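Novice: Residue numbers (my numbering), protein chains in the order written: chain Y, 1 to 230; chain C, 1001 to 1230; chain Z, 2001 to 2230; chain S, 3001 to 3230; chain F, 4001 to 4230; chain W, 5001 to 5230.
Possibly wrong hints are sitting among the right ones.
As the list claims (entries may be wrong) - Chain C is nowhere near these chain W residues, computed Cβ spacing over 10 angstroms in every case:
1) GLY5019
2) ALA5020
3) ALA5026
4) GLY5029
5) GLY5088
6) VAL5127
7) THR5133
8) ARG5137
9) ASP5147
10) ASP5160
11) GLY5194
12) PRO5226
Unchecked claim - Derived DSS-like pairs (lysine-lysine); straight-line CA-CA distance at most 30 angstroms:
13) LYS4229(F) / LYS5158(W)
14) LYS1158(C) / LYS230(Y)
15) LYS158(Y) / LYS1229(C)
Worth flagging that the hints you see were computed from the coordinates, not collected in a lab.
None of the values given here were measured: they were computed from a predicted structure.
Ideal placement from N, C-alpha and C gives every residue a C-beta, glycine not left out.
Protein chains: 6
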Amino acid sequence: MRILVVNPNTTASMTEKIGATARAVASSGTEIIAVNPAHGPVSIEGYYDEAISLAGLLQVVEANLDVDAIVVACFDDTGLDAVRSLAGCPVVAIGEAAFHMASMLSNKFSVVTTLARSVPAIEHNLVRYGLATRCARVRSTEVAVLDLEHDAGPARAKIDTEIRRAIAEDRAEAIVLGCAGMTDLTRSLTADHGLPVLDGVGCAVVLCEGLVRLGLKTSRLGGYTPPVKK
Amino acid sequence: MRILVVNPNTTASMTEKIGATARAVASSGTEIIAVNPAHGPVSIEGYYDEAISLAGLLQVVEANLDVDAIVVACFDDTGLDAVRSLAGCPVVAIGEAAFHMASMLSNKFSVVTTLARSVPAIEHNLVRYGLATRCARVRSTEVAVLDLEHDAGPARAKIDTEIRRAIAEDRAEAIVLGCAGMTDLTRSLTADHGLPVLDGVGCAVVLCEGLVRLGLKTSRLGGYTPPVKK
Amino acid sequence: MRILVVNPNTTASMTEKIGATARAVASSGTEIIAVNPAHGPVSIEGYYDEAISLAGLLQVVEANLDVDAIVVACFDDTGLDAVRSLAGCPVVAIGEAAFHMASMLSNKFSVVTTLARSVPAIEHNLVRYGLATRCARVRSTEVAVLDLEHDAGPARAKIDTEIRRAIAEDRAEAIVLGCAGMTDLTRSLTADHGLPVLDGVGCAVVLCEGLVRLGLKTSRLGGYTPPVKK
Amino acid sequence: MRILVVNPNTTASMTEKIGATARAVASSGTEIIAVNPAHGPVSIEGYYDEAISLAGLLQVVEANLDVDAIVVACFDDTGLDAVRSLAGCPVVAIGEAAFHMASMLSNKFSVVTTLARSVPAIEHNLVRYGLATRCARVRSTEVAVLDLEHDAGPARAKIDTEIRRAIAEDRAEAIVLGCAGMTDLTRSLTADHGLPVLDGVGCAVVLCEGLVRLGLKTSRLGGYTPPVKK
Amino acid sequence: MRILVVNPNTTASMTEKIGATARAVASSGTEIIAVNPAHGPVSIEGYYDEAISLAGLLQVVEANLDVDAIVVACFDDTGLDAVRSLAGCPVVAIGEAAFHMASMLSNKFSVVTTLARSVPAIEHNLVRYGLATRCARVRSTEVAVLDLEHDAGPARAKIDTEIRRAIAEDRAEAIVLGCAGMTDLTRSLTADHGLPVLDGVGCAVVLCEGLVRLGLKTSRLGGYTPPVKK
Amino acid sequence: MRILVVNPNTTASMTEKIGATARAVASSGTEIIAVNPAHGPVSIEGYYDEAISLAGLLQVVEANLDVDAIVVACFDDTGLDAVRSLAGCPVVAIGEAAFHMASMLSNKFSVVTTLARSVPAIEHNLVRYGLATRCARVRSTEVAVLDLEHDAGPARAKIDTEIRRAIAEDRAEAIVLGCAGMTDLTRSLTADHGLPVLDGVGCAVVLCEGLVRLGLKTSRLGGYTPPVKK
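Please build the complete structure, drawing on both the sequences and the hints.
Specialist: Okay, here's the thing in structure tokens:
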């Protein structure tokens, strides 16, 4: 089985980190192809970055359609619907993957993400997926995405603080980490805080594997009808 | 006052029609600048078209930021959040404009749009705006966007049928026309069916004028914080 | 164009202030007719005041039906549905006007109103309009309506405090001022707090102008069917 | 125990019928005082009638505050909040009474009311009470309120038709009769259709008796704070 | 009239206390039969206890079907749907009873219950009943159910604290006590905190009496169809 | 990896069929232990059957806690919360599994289940999970669970009819089969109707495998705190 993992930003080091996380989780028979667009924003922080990443994202997907499933590896679930329409195979974005998985481990979860400017986009996704009622609160740490690449120390402390608040104030029973750059912290945060801490990359990989194993594909009726050639 | 009206697709004839509708509605002191991207899809029909239109859409907006307000003239409200983040002035998309206006004229409205593949995107917008509870049903006529340009006869009959169903089955008290290409039918449909029929282009223009007159701008806190230069 | 602005309470000084705000916002061709009932409560603070104001409100509307649109100038949107049924022209209440406009400038807004006793009525309106999901919180300042008339100093400080809390605690991106008596504070609060601050009177006037310009009227099907003479 | 049953319209024959229904249901120790306003509309059909009935309604309540509980006997729950603020004792309206009771007898219920114009007001109440999710559909029979007084034959057939549709199409497990004028049909409709058919008057009377027996009163914090004398 | 009051746990002293509360509230002609299962958990604290109590609960109900109505006297509303399917007479659980009654006395209420582990089950019930929008917050005191039996002093102080917080932070206008073991505190808490404090046992008894008086029974269509003998 | 698949009813032939489905889907390294309770109902059709199955269900789970994950193989998700509290490992029920998976393949899905009496329980689960907004309609075929065992012919025709209706009337883009007894029809229905048809057993197995691979467990904070020994 071949799974395309697309990082919608152009930062190759982040693509590598995401690819490594995906490979660590994937079954032995699964090949992970981690890619990023050739051009576009170096990180996705807010609505504008999302929008300008889409052309490059769709281009790199279109060049790699010979796969069994696709992971969209940005926590905003950037371009998810367009990739589904284009590809037809199962397509899972890392935000939705983590929300669905957290809903099966807890009565309520909180999200801990990077910047405040990303919070509304995440909240809109939750509403649209139906899972807003399962999410107690979307919290931001004010850690920039690329800082997670360069300096994990203070970033980790800020994440710890927000997790503690989520448990005490939100009565969260699980935590979803709201950035693909946080994937390597999952296990240590789970151990330290005593509750499930979910990373979307891992969740999306196992969901894709599962959907492929079940022979299921994206519906071609209604909203995900393949695009008309123009 | 200068209002930029952006048609996110590249069909110039549609841009002209939208521009004409906007000018017919605008106050005497308002200049309408109707533009479309240089490249991108010739029509927006579904998620994929939306996504690939965004680069061109943002480019043409960025080239025209010297305006007082912006109308996004695609019923899917394509790129609305990104344009808001980029521009800072009031930005109103034609879908939301019509939904808000219809909510002040009726207890419940129905939407009559073109293709079934566009329905889920419109429903998602309604949920996100909060106005899903005000919309009885999103109906599709299976009229392609560009057919509205070329041949209004059979298209009109299909629209009539769906409006009659909306009144009888949905108990709709108003109708929102779900495509920028339907703007010239508004008044005759209102007359024929005896209920308010709203076109988003006109609604968006008067909303922009109003917001400018009130001195209001897009919030720069939270989700619409200006994009970071990268 | 003639717009009737009805203050549902009998305090003429407030009617004048509201009328002045409306005129300051209206287009040059628009005539504002600001009226209040001859009898009824001097201010609308809670459900009972709302109910006993309605007879006078409808009487003054009925005496002034020769207008193009009507603004109901009480933040509780007192009698909105009854005025719509009676009049048939576009009718916009100042609460809903501000909620709809704020929804196009921000991802989420908070309301800052006068007394705690008015909060549930405002929350009910938000739920009914569908916009409760867009409102982070309805906050009260415990400033009585008429104190806003007599002494703006301490009232302003309390409003400032609640706006600061709304930004910090509610992550509000815009503020709706929840009382027709606060209309003259809008611009200075916008400047001081760095986010859009909306006053319903101005919003309702430009919405009425827009609806009239578009040739739209209140639906006569369903809930707003004209009342039967009895 | 003394329960005031207020019919908000001025039709004395309907007040008598409502009073008789209330007495038939009340415990032996309960005195029913059935009243109607001296002036106002002869029936409540839509928003306008509701609004103009309120002054008379509050007047007749104010003249009869020496009671233990109050039933507002109009299915639109006309003036409910204002009566609560004024009276302080338990106040139950017949619409809400029937919705709450039906929620304890069925997974989902449908409402069968008189005119289409009354449907939106009932739907708004359901949303506000939280019980919209329990109501499958609000159906209208196009039987005018006063026709129920004068000629039950054809009205009964129309009600039967809508109940059959509610069972087949809405999967309703119970029926709420949406008009105080239908109270005498309850038992025969229950027998004929084989599901619980609820009349709000009876429900409201037993709810009032129950609240009084429990020593509970309307809250005086927040929205139902007693009105300020002005 | 005979009302079966079933305490789903096996603690006889709690059954007695619940029976006494029920009798204190019931009308003179009502006989209260308070029972508990022969085997099962001594208290219901969380999902597991709920599940293992059901066999005993249904057994004791089946042995006592010769009644007019049934009260399920656990605040989690344990087994409510199964008892309805089995019995056919009116069945009211104490959680729902208190939520419905509180909705008619206040704009919003908060729940004060025992352990944090019980909060999600209560929240799920509120969502399902539709009344989640009426409940400001479910608060836990960390008082174990059986401690309420043995030592009311410190338990009372913790309940007081949470009620004060509910008024200040949640703007609750009424309080629902979330445990059958708190039934004897209702009146003194009402007096001390100046707002309605509701106990589910009393509410359920008067609701049952009311439903029986109205001749209403659990619907036998749809979800509550009697179980098939197997 | 060892996954316990619990059929909550006592029909061994159904347990075998479910076990075979699970094994067909599971990875090579996964051992499926398919069990059913020693006593309890032969099928779960409605609330009462659910309730009386729980003691046996929990007993068989308790006897098999030495596993990595647990599948609750009844479409009503019988006892899901109790099993989570008891076991601590990942626990996935087949209803929720299919709803979550369908949400990642379609904008909206419909459920096709057996008896009308099961519909409300499924609808309640959807509301609680947050996914009611993703489900267009829960449809029943009036095929009894055990008939699916004995005679697939007419049952298949009824399922076909409901799927066609779901596509035409509900605009469903995917179908969830609402009974563990339908698991062997999935692929042929997918092929015949041209949209994803999901069976909960397969979905639950791959979700369990994925959660185990990610090292995630049921949260032990809040609602799923382990039961207190009593």
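Novice: Each hint should be assessed against the structure and marked as holding or not.
Specialist: Tested hints:
Under the 10 angstroms C-beta cut-off, the non-interface status given to GLY5019(W) relative to chain C holds; the minimum distance is some 37 angstroms. Every beta carbon of chain C lies more than 10 angstroms from that of ALA5020(W), the smallest distance being close to 36 angstroms; the non-interface claim holds. The Cβ of ALA5026(W) sits about 33 angstroms from the closest Cβ of chain C, beyond the 10 angstroms cut-off, so the non-interface label holds. The Cβ of GLY5029(W) sits about 37 angstroms from the closest Cβ of chain C, beyond the 10 angstroms cut-off, so the non-interface label holds.
Non-interface call for GLY5088(W) relative to chain C: holds, since the shortest CB-CB distance, roughly 36 angstroms, exceeds 10 angstroms. Every CB of chain C lies more than 10 angstroms from the CB of VAL5127(W), the least distance being 16 angstroms, so the non-interface label holds. The beta carbon of THR5133(W) sits about 7 angstroms from the closest Cβ of chain C, which is not more than 10 angstroms, so the claim that it is off the interface is violated. Against chain C, the non-interface label of ARG5137(W) holds: every CB pair exceeds 10 angstroms, the least being about 14 angstroms.
The Cβ of ASP5147(W) lies farther than 10 angstroms from every Cβ of chain C, with a closest approach of about 35 angstroms, so its non-interface assignment holds. Taking the minimum C-beta to C-beta distance to chain C, about 22 angstroms, the non-interface status of ASP5160(W) holds against the 10 angstroms cut. The beta carbon of GLY5194(W) sits about 15 angstroms from the closest Cβ of chain C, which is more than 10 angstroms, so the claim that it is off the interface holds. No Cβ of chain C comes within 10 angstroms of the Cβ of PRO5226(W); the nearest lies about 38 angstroms off, and the non-interface call holds.
Our distance criterion of 30 angstroms between C-alpha atoms is met by LYS4229(F) and LYS5158(W), whose separation comes to about 25 angstroms. The hinted pair formed by LYS1158(C) and LYS230(Y) meets the criterion: a straight-line CA distance of about 24 angstroms does not exceed 30 angstroms. A threshold of 30 angstroms between alpha carbons decides the hint, and for LYS158(Y) with LYS1229(C) the separation of about 25 angstroms falls inside it, so the pair holds.
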